[in-house]
Amino acid sequence: MPIIYFLQAVKKSKLYLRKLIISGISINKKNEEDLYYCYFNSWVAFERSLHIIMPETQISIVFAEKITNFNIKNWINILFKELQEPKLFSIMYYGNDLIRYQLNIKSIILKDFKNSYIKQGGTYLITGGTGRLGMLFSDYLINKYSTNLILSGRSKLNSIIYKKLKKFNNKAIYIQVDVSDKLKMISEINSIINNIGPIDGVLHIAGISGLTSNILEANYKNFYSVLSSKISGTIALNYALENTILKLQKNKLDFVCYFSSSSAILGDFGSCDYAMGNRFQTVYAKYLNNKNIYKKYTNKLITINWPLWNNSKFKIGNNEQTDFYFKSSKQKVLHENDGLKLFEQLLIQDKIQYLVLSGELEKLNQIINNIAPKVSENKKINNFNIEKFIENDIKNHICNILNTKKSEIYKNKNLADYGFDSISLAEFSRILSKFYSLDIMPSIFFSYSTLERLITYFIKNHNNTMIKFYRNKYPLKTESKNISILYDNKINENYENVSKKSNFILNKNTDINSEELIAIIGMSGRFPAARNINEFWKILINNKDVISEIPEKIFDWKLYYENPIKSSNKINSKWYGSIPGIDEFDPLFFEISPLEAERMDPRQRHLLQESWLALEDAGYGPNQIANQKIGMFVGVEEGSNYQDRLDQVNLTSTHNAILSARLAYFMDLKGPVMAINTACSSSLVATHIACQSLRQHECDTAISAGVNLMISPEAYIAMTSAGMLSPDGKCYVFDERANGLVPSEAVVAVVLKRLSRALSDGDPIHAIIRGSGINYDGKTNGITAPNGISQTELIKSVYKKSNLNPEDINYIITHGTGTKLGDPVEINALHDVFKNKTYNQKFCAITSNKSNIGHTFAASGLVSLINLVQSIKYKIIPASLHCEKENNYIILKNSPFYINKSNKKWNTVNEKLRIGAVSAFGMSGTNAHIVLQEYISTNFKNIKNNTFISSNPYHMVVLSAKTKISLKEKMKQILLFLRKNNTVCIENFVYTLMQGRHHFQYRCAIIISSIEEVVKIINDTLNSKEKILHTNYLKGIVSHKFTSNKIIDSYINKLFYY
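Under the working numbering, the first residue of the sequence shown is numbered 1, with each subsequent residue one higher.
I should point out that these hints are in silico values taken from the structure, not numbers from a laboratory. Treat the hints with care, since some could be wrong.
Said to hold, decoys possible - Listed next, the in silico SDA-like pairs over lysine to any residue satisfying Cα-Cα at most 20 Å (straight line):
(1) Lys395 to Gln345
(2) Lys842 to Gly778
(3) Lys558 to Lys351
(4) Lys81 to Leu17
(5) Lys885 to Tyr874
(6) Lys820 to Asn888
(7) Lys388 to Ile368
(8) Lys388 to Asn400
(9) Lys171 to Asn194
(10) Lys796 to Ile53
(11) Lys405 to Pro622
(12) Lys119 to Phe89
(13) Lys434 to Ile78
(14) Lys901 to Glu911
(15) Lys970 to Trp612
(16) Lys332 to Asn310
(17) Lys341 to Asn464
(18) Lys19 to Ile3
(19) Lys473 to Tyr436
(20) Lys395 to Met441
(21) Lys796 to Tyr776
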């Protein structure tokens, strides 16, 4: 099957698929077309299963039915339009008009159970009768109704089967037959009726459990065998019953019940075969109903999509995968008594198909919402209301551009009042042009300046195009068909599927519990001897050790430095890694009084600065901040003694909760805000929790930060007593000389966002968080002692959730603090993760930046994460310093790891993406592990000879600051940036300065046609003693009370487009 091999090839080549559409077309042939539909529809289960193992990829099945005049060009255009949808859904197009159908769910109520379909003393055929489920129903039917049963199976009669039959006291017999063999089935049914008597009903339970491995690792032979048991078996059973029942017995069967699986609707755990086979069976029942075929031999045909029973042999993969499936999907196993009662109750209902789920109603509703999103406004319209269609789509586009809510958009409100400017209106015109395949100029928005007028414009000037567009995009009507979903017997509310055709349930998005990829879109930090990330990276690649003596501003180490064995309350180390400019802060910028700033813990001050800079790096201006829910997650330890240095403090001066809330308060952020203390793993734990908050949609953007400043003498004394400090100020990570750590400072912040949202918003992406996890050591030989087993379990779980083979990881930045026993525990735990997954040796580099800058404690996890991001960016693995002779306790021989002792190019095989990991382990016992993956942009338009070619002749560069001096400093920063990045895309550059920055009182604007021009003008302005006149350079001071004049705005905007 080509699609299987294609997906396996994608996985093997490490390609990133953002969207995938699988398409099929049924040409109208009277005798075959409806049966083709069953095969097409079964692929929906393939899609439902794939999203579990390919969560980063949106997948849909798009097929067409009942087409007599097929045009390949039109069909390709339709598929291309589907591919442009923000979210992919499985879609059916029907008839020559290609009317588009999408399915949804509504509720029904079951009839009360009164009279059973099961006859006392009746005779029933159960295919797959000797399996666990078959035996359960056999026992139930015989004990309650004294039935006579014929149990079929593929195996020869053996002692095990004989033992099972014996307990039924001759009320059941066994026939060996493969239900997929049509002729043999006819023969056996003939024999049953002739020798035993008429058959009253059939329970079709036969089937093979799905693959234990996912489809990305399966072979076609095994895949086909599972499909065959359901597809061929169901078709053969129908054929056999159609050709025997009324020919050999007087009455029709009372019922035929297909035992299908809930995986037909929800998907399985990635094997796909089991889900597809069951979905075919489900849709095949609809086919028999639509054609009235089943009425030739039975009064009733019903399909029940069962969940897993507590006694069933059927599982979602292996036991571990089955357990994870239930936990992640919020389902529970169906208990025998509940299932048996439901079986009888469902037999008396009117519908042909029912889905049964077991669990808590609220949690099961989450599942339903995931696979059947609410009907959008335009899907609810029964009449072809062209105005309503256009209004809905234009509102959606406005919401996407301005990050606003649809409820806040009114038809008679001017577009400019929503925040549109010349740049965003140009973007709006491009989007509408592409959406409708029309040439829409930005100038029309000045003539048709409200939504109502814009709708009139499209109807008046492009009426035929609009009608054709929406007739293709949306159906004119829908008809109801049924799929019911039962919970347990405490709840009688059920759900029904809505569509012209059968149970075509739409899976809108990745399951809420699957690991959605997270993008790192902004970063900033201050490190020992480094004011920013670039300076930190230089320290790493230049193999510098920047540890120095403890600065007097922290404490006078000479007062404490003495042999602690001879004297108490002394320290054995005078070494420290301090950040530059610890006392630098502009309180008025953050609207804080100088007195309050003086009393603030420096950690609060620097965290404000770095978080602000990280948002700037992400291109977040006022619009992005105002229109998104942004969370703040800060890893921080207790221990700052700053309050002891002040004559007067207040409650907010040094409180850690206020530390995390400072930026949120200043910028009016509305997402979750918290300070997290798990000791040395705090910032990496904060990052994991931030990722989880994003995945749970508690926030749209998250700032994860870590901070450690101002170590006190008391802390040094305590660490000396515990034997933690390196006396000579060297962090000998992985080395036989390892003698302790060196404390240091750092303030780090990263901006995170769901990858799907970051891509749609056009955010810069530094790297992708592929997976993350945390756990606790449990009880060890001391509360601060590490636990290698817990570390191993954590890393294994992260790789499993991330669908990662350890062989894919080329670089791990360890927690490595330079302790004789701690370092080996960490490396040996990694070895235990890798050893059963690969035989390859020395392919994964390990380093620790603590050999360069010391241990930054709560901030250390994020320091390592930024280290890894920079390594991915520059494709270099920096050296780990001070390792001459490896620690004897570390297992390196014949292992996958090597200590990287010199800078090394990070090359990959077959252009695989670079994947690395970061660990942080807290003294408290809380462990964290995060996997990063390289992101390669696919936006290569307008590039020639490594230079971006602009589509516009001129651009405006805007800069601003709160003071004249700050503005000059900002210009210096821009000049330095452009000299290092002279191939930057000019359109992105000016857009970020306009939309991704806050605009303050002191401003300058430069009209330029190239990057070289802006470099020259800024350089002349900064360096020339004489005033150089550039007519395209403007500067001034804008009052806080300034508001623009709409008439002038309109005139200026017209100048842009006429």
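Outcome of the hint check:
1. Lys395 to Gln345: violated, 46 Å
2. Lys842 to Gly778: With Cα atoms ~31 Å apart, Lys842 and Gly778 exceed 20 Å; violated.
3. Lys558 to Lys351: Outside the cut-off at roughly 86 Å; violated.
4. Lys81 to Leu17: Cα-Cα ~17 Å, so holds.
5. Lys885 to Tyr874: Judged against 20 Å, a Cα distance of about 28 Å means the pair is violated.
6. Lys820 to Asn888: holds, 9 Å
7. Lys388 to Ile368: Answer violated: Lys388 to Ile368 is near 28 Å, above 20 Å.
8. Lys388 to Asn400: holds, 19 Å
9. Lys171 to Asn194: holds, 17 Å
10. Lys796 to Ile53: holds, 17 Å
11. Lys405 to Pro622: Cα-Cα ~16 Å, so holds.
12. Lys119 to Phe89: Outside the cut-off at roughly 44 Å; violated.
13. Lys434 to Ile78: Holds: Lys434 and Ile78 sit about 14 Å apart, inside 20 Å.
14. Lys901 to Glu911: Given that 20 Å is the threshold and the Cα spacing comes to 25 Å, the pair is violated.
15. Lys970 to Trp612: Roughly 14 Å between the alpha carbons, so the hint for Lys970 and Trp612 holds.
16. Lys332 to Asn310: With Cα atoms ~9 Å apart, Lys332 and Asn310 stay inside 20 Å; holds.
17. Lys341 to Asn464: violated, 57 Å
18. Lys19 to Ile3: holds, 15 Å
19. Lys473 to Tyr436: holds, 11 Å
20. Lys395 to Met441: Answer holds: Lys395 to Met441 is near 18 Å, not above 20 Å.
21. Lys796 to Tyr776: At roughly 14 Å apart (the allowed maximum being 20 Å), Tyr776 and Lys796 satisfy the hint.
Comparing the model with each earlier hint shows violations of hints 1, 2, 3, 5, 7, 12, 14, 17; every other hint is respected.
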